[in-house]
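Taken in order, these protein sequences are the chains called A and B. 1362 is the number that the working numbering gives the last residue of the first sequence; the numbers go up by one with no jumps. 1177 is the number that the working numbering gives the last residue of the second sequence; the numbers go up by one with no jumps.
Heads up, a few of these hints could be off.
A short, non-exhaustive set of chain B residues, derived as facing chain A with CB atoms under 8 Å [unchecked claim]:
#, residue
1, L977
2, F979
3, Y991
4, P998
5, I1003
6, T1035
7, V1038
8, G1071
9, V1111
10, I1117
11, E1171
With a straight-line cut-off of 20 Å between C-alpha atoms, the simulated SDA-like cross-links for lysine to any residue are [to be verified]:
#, chain 1, residue 1, chain 2, residue 2
12, A, K1153, B, D1176
13, B, K1144, A, L1155
14, B, K1129, B, R1113
15, B, K976, A, L1155
Please keep in mind that the hints were generated in silico from the structure rather than gathered at the bench. Predicted model, so just to flag it, every value in this text is computed and none were measured. C-beta atoms are modelled at their ideal positions from N, C-alpha and C, and glycine is treated no differently.
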Amino acid sequence: MKSNQKPVSGSYFPRDRVRQPDAYTPCYKTSVVRSPHKALISMNNTLSEITGPVFGHSMLGDLDNDMMTNYAAPGETAIGQRIIVHGRVLDENGNGVPDCLLEVWQANSGGRYRHAKETYVAALDANFGGCGRCITDDNGYYIFRTIKPGAYPWPNGPNDWRPAHIHFSLFGHAFAQRLITQMYFEGDPMIPHCPILRTITDQNAINDLIAPIDLANTIPMDARAYKFDIVLRGRRSTMFENRMEGN
Amino acid sequence: MAQKLNFLKESASQTAGPYVHIGCVPNFCGIEGVYPEDLGSRMINDKTEGERITIRGKVFDGTGTVLKDVMLEIWQADHKGLYPAVNEFRGVADANFIGWGRSPGDYTSGEYVFETIKPGIVPFIDGKPMAPHITFWIVARGINIGLHTRMYFPEEKEANAADPVLARIEHKVRIPTLIAERTGDGEYTFDIVLQGDNETVFFDI
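Use the sequences and the hints to build the structure in full.
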């Protein structure tokens, strides 16, 4: 270790808590007793926050980003509307985030999850597991193939249904960028009624979670495309701070 | 009119939900054959340097009930205080240490477990040492945005007393919520309380 190394600075932009959901959101009942009531303690990023784990492309299997087949019997595919979901992971400076691990999970086309705690009566699909993953390329681009998930009911209000959605877990380059979110589908009539979406009070922030249909990248006679860009926190870059390589 | 800043805005978080296991630890929840193993399930191997430790704990809600659908991740330096990250420029971390781990709470007991090594000292922004610590990130159904906290070590009394992050906590009575309990040789318990009198300190990092 170099003893005269300057301390590394260059914090990530503070999280914009106005655009993020509060912890305590009574419309989403489970949050009521699972939300911290005391104020978060603000701190500047240290090395512990501006570093993060590294995932190599070599860990990926050929079918990891194809949920249509990665759990299916040989020669078979999951039942449902065939779709491609693709886009870029960007930071708040507008730069693509390369080598970003995305893990995705979703219900099957009937709205049923493959999970021991799932109680919905919709049928399981023997050829659908519901998990996928990919790592962004040098431009921050990712792509996966799946079937469009179904809407499903859940015990919150007496008649609450989740709009069709895909869960996304993302690693940037820093643990400060760690994010889990959900992607929704343009035109879904359940979106305005969703208590989990309503935990977000900024309508622009909600709109940014809704993927539009992408006819340009739709494969004729095969699969429709949805384009979904995701933004992770950006980082200060100033000559008055110790610049890190590649920044 | 001035120019526009044109920064993008971070995507809004949404809860990990009750089925986070499907995407993050599919083998744990019975979806086998897609990935060879669950990411983050092994942090160390036979060659990893440093003192072996095991951290266990549970996450409690505001009624004192244990969460049984939680997922935790930890991120830490190696035994010398170096992070196994691409932007670690102070040196090269132990190649046999990943630094990152992921553990779902047990479906029945809610207990999480990490088998790792005790981290070394990492400098604060001003170069002064931070006490050995492990960053925790907690997600679950009912948690709208992942919660960041830190675990410190009870035997590091002097280092903890000088730690610049702990020093930022105005209400000193809350600091013990960040210090694990040593329950045996290399064995620690670190419970997390989401809400209430003994609420764990969470950070806006």
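>> Hints numbered earlier in the text: which of these fail when held up against the supplied structure?
In response: 1, 7, 14 and 15
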